[in-house]
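Model the full assembly from the supplied sequences, consistent with the hints where possible.
Residue numbers (the numbering used here): 25 to 351.
Keep in mind that a hint or two might mislead.
To be verified - Derived pair list, reagent style DSSO-like, types lysine-lysine, alpha-carbon separation capped at 30 Å:
hint, residue 1, residue 2
1, K262, K311
2, K172, K222
3, K135, K77
4, K222, K62
5, K164, K222
6, K62, K311
7, K82, K162
8, K232, K172
9, K289, K232
10, K62, K77
Claimed, not checked - Now the in silico label distances, taken between C-beta atoms and shown as ranges:
hint, residue 1, residue 2, range
11, Q284, R179, 18 to 28 Å
12, S263, R124, 29 to 39 Å
13, E332, D260, 20 to 30 Å
Because the hints were derived from the structure by calculation, they are not lab data. Each residue gets a CB set at the ideal place from its N, CA and C atoms; glycine is no exception.
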Amino acid sequence: MTEKSYADWGMDIGQWDWVPGVGVISILRYYEQTKDAKVLDYLKNWTETYRAKAEHVKVINGMAPYAIYPSLYEYTGDSYYKEAAEQIGNWMLTEAPRTREGAFEHTVTEKAAFPEQVWADTIFMAVLFLARLARVTKNKTYAEEALKQTELHLRLLQDPATGVLFHGWNCAEGHHMSAARWTRANAWVAVGVPEIYKELMGLIEFPKEIVENYQRLMNGLLNYQAPNGLWHTVMDQKSFYYETSGSAGIACGILSGIRQGLLGKELRPYAVRSVEAVMEQTEYRGKVLGVSGGTPVMPTIEAYNTLEIIPTLYGQGLALMLLSEMI
Numbered sequence: 025m026t027e028k029s030y031a032d033w034g035m036d037i038g039q040w041d042w043v044p045g046v047g048v049i050s051i052l053r054y055y056e057q058t059k060d061a062k063v064l065d066y067l068k069n070w071t072e073t074y075r076a077k078a079e080h081v082k083v084i085n086g087m088a089p090y091a092i093y094p095s096l097y098e099y100t101g102d103s104y105y106k107e108a109a110e111q112i113g114n115w116m117l118t119e120a121p122r123t124r125e126g127a128f129e130h131t132v133t134e135k136a137a138f139p140e141q142v143w144a145d146t147i148f149m150a151v152l153f154l155a156r157l158a159r160v161t162k163n164k165t166y167a168e169e170a171l172k173q174t175e176l177h178l179r180l181l182q183d184p185a186t187g188v189l190f191h192g193w194n195c196a197e198g199h200h201m202s203a204a205r206w207t208r209a210n211a212w213v214a215v216g217v218p219e220i221y222k223e224l225m226g227l228i229e230f231p232k233e234i235v236e237n238y239q240r241l242m243n244g245l246l247n248y249q250a251p252n253g254l255w256h257t258v259m260d261q262k263s264f265y266y267e268t269s270g271s272a273g274i275a276c277g278i279l280s281g282i283r284q285g286l287l288g289k290e291l292r293p294y295a296v297r298s299v300e301a302v303m304e305q306t307e308y309r310g311k312v313l314g315v316s317g318g319t320p321v322m323p324t325i326e327a328y329n330t331l332e333i334i335p336t337l338y339g340q341g342l343a344l345m346l347l348s349e350m351i
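Below, the structure is given as structure tokens:
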């Protein structure tokens with residue numbers, strides 16, 4: 025995962041965007057579990073090599089790499105990480121595009137616009153960073169925004185009938201667009217909320233409503249896990265292919281949720297079943313198979329089943345985060 029691959033979008037860690045962002049977030053998680061100094065050195069070298077590219081990226085989806093900055097400041101004492109994180113955090117508070125609901129509009133580095141759209145992905149790609157920045161700076165303004173965004177995304181995206189999330193919501197038109205219960209969208213929130221909770225506890229009161237909605241989400245997801253431990257790429261479409269990255273993220277969320285006291289230990293067997301399935305989808309050199317490519321809110325549910333299956337850093341990353349939770 026740490027090798028550069030300029031010809032391969034999914035495995036190119038030499039960029040500043042959400043794909044390598046998920047990769048370095050997972051590498052940080054691995055470092056925190058193992059305390060391997062070589063891993064920390066890699067992350068420092070990565071930021072030194074690619075930080076110049078960050079100057080040209082001010083979109084919500086491109087905030088993901090910044091999520092390692094607060095911890096790197098703590099581990100290294102280098103004030104650059106704190107100052108850069110505060111600068112981009114202030115941009116998020118004051119300038120980042122928002123929908124009429126007040127949620128972050130899901131902006132991307134690609135030449136595409138999604139006006140008034142709220143995506144589940146934003147919780148992991150941007151809100152997690154704000155929560156980590158809040159903890160390190162003890163700035164409740166960041167914490168309040170992180171909670172506001174978490175509450176908004178859950179409220180706008182959660183299906184009242186099943187508890188699981190739709191991929192996106194169009195604030196202008198007032199509907200869930202294709203209304204796909206896309207597995208990886210649910211994974212970003214499944215793994216993101218316990219991380220946000222961990223960062224903000226002791227700094228600000230964590231609303232009961234968020235906890236209850238998160239529990240409804242996670243219990244709802246259990247109903248869609250296949251006997252093999254994975255979830256279909258659109259979880260309620262049993263004829264669609266199984267998707268590894270989303271399955272790994274949901275399982276990681278279960279374990280992390282249990283660790284943080286948000287979920288009961290009775291959910292652990294569901295995660296263990298997924299660990300075994302994810303390992304079966306992993307080649308001997310570590311390449312994670314069965315991962316769908318980059319996915320906007322698709323025009324139809326059927327379109328999700330046509331996406332290419334490719335190795336990606338977010339597939340590697342979610343699998344690594346899951347395995348790190350098992351250490």
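Taking the hints in turn, this is what the structure says about them:
Between K262 and K311 the alpha-carbon distance is near 25 Å, which keeps this suggested pair within the 30 Å criterion. A distance of roughly 16 Å separates the Cα atoms of K172 and K222; the hinted pair therefore holds under the 30 Å criterion. Distance hint between K135 and K77 is fulfilled; the C-alpha atoms sit about 17 Å from each other, no more than 30 Å. Of the pairs offered as hints, the one joining K222 and K62 holds, with about 26 Å between alpha carbons and a cut-off of 30 Å not exceeded.
A hinted pair counts as satisfied when its Cα atoms are at most 30 Å apart, and K164 with K222 qualifies at roughly 15 Å. Among the hinted pairs, K62 with K311 is consistent with the structure: their alpha-carbon atoms are about 21 Å apart, no more than 30 Å. Between K82 and K162 the CA atoms are separated by roughly 24 Å; this keeps the pair inside 30 Å, and the hint holds. Of the pairs offered as hints, the one joining K232 and K172 holds, with about 13 Å between alpha carbons and a cut-off of 30 Å not exceeded.
Our distance criterion of 30 Å between C-alpha atoms is met by K289 and K232, whose separation comes to about 20 Å. Taken as a hint, the K62 and K77 pair is honoured in the structure, with Cα atoms around 24 Å apart against an allowance of 30 Å. Range check, Q284 to R179: about 21 Å between beta-carbon atoms, so the 18 to 28 Å window is met. For S263 and R124, the hinted distance range of 29 to 39 Å is satisfied, since their beta carbons lie about 37 Å from each other.
E332 and D260 have their C-beta atoms about 22 Å apart, which keeps the hinted 20 to 30 Å range intact.
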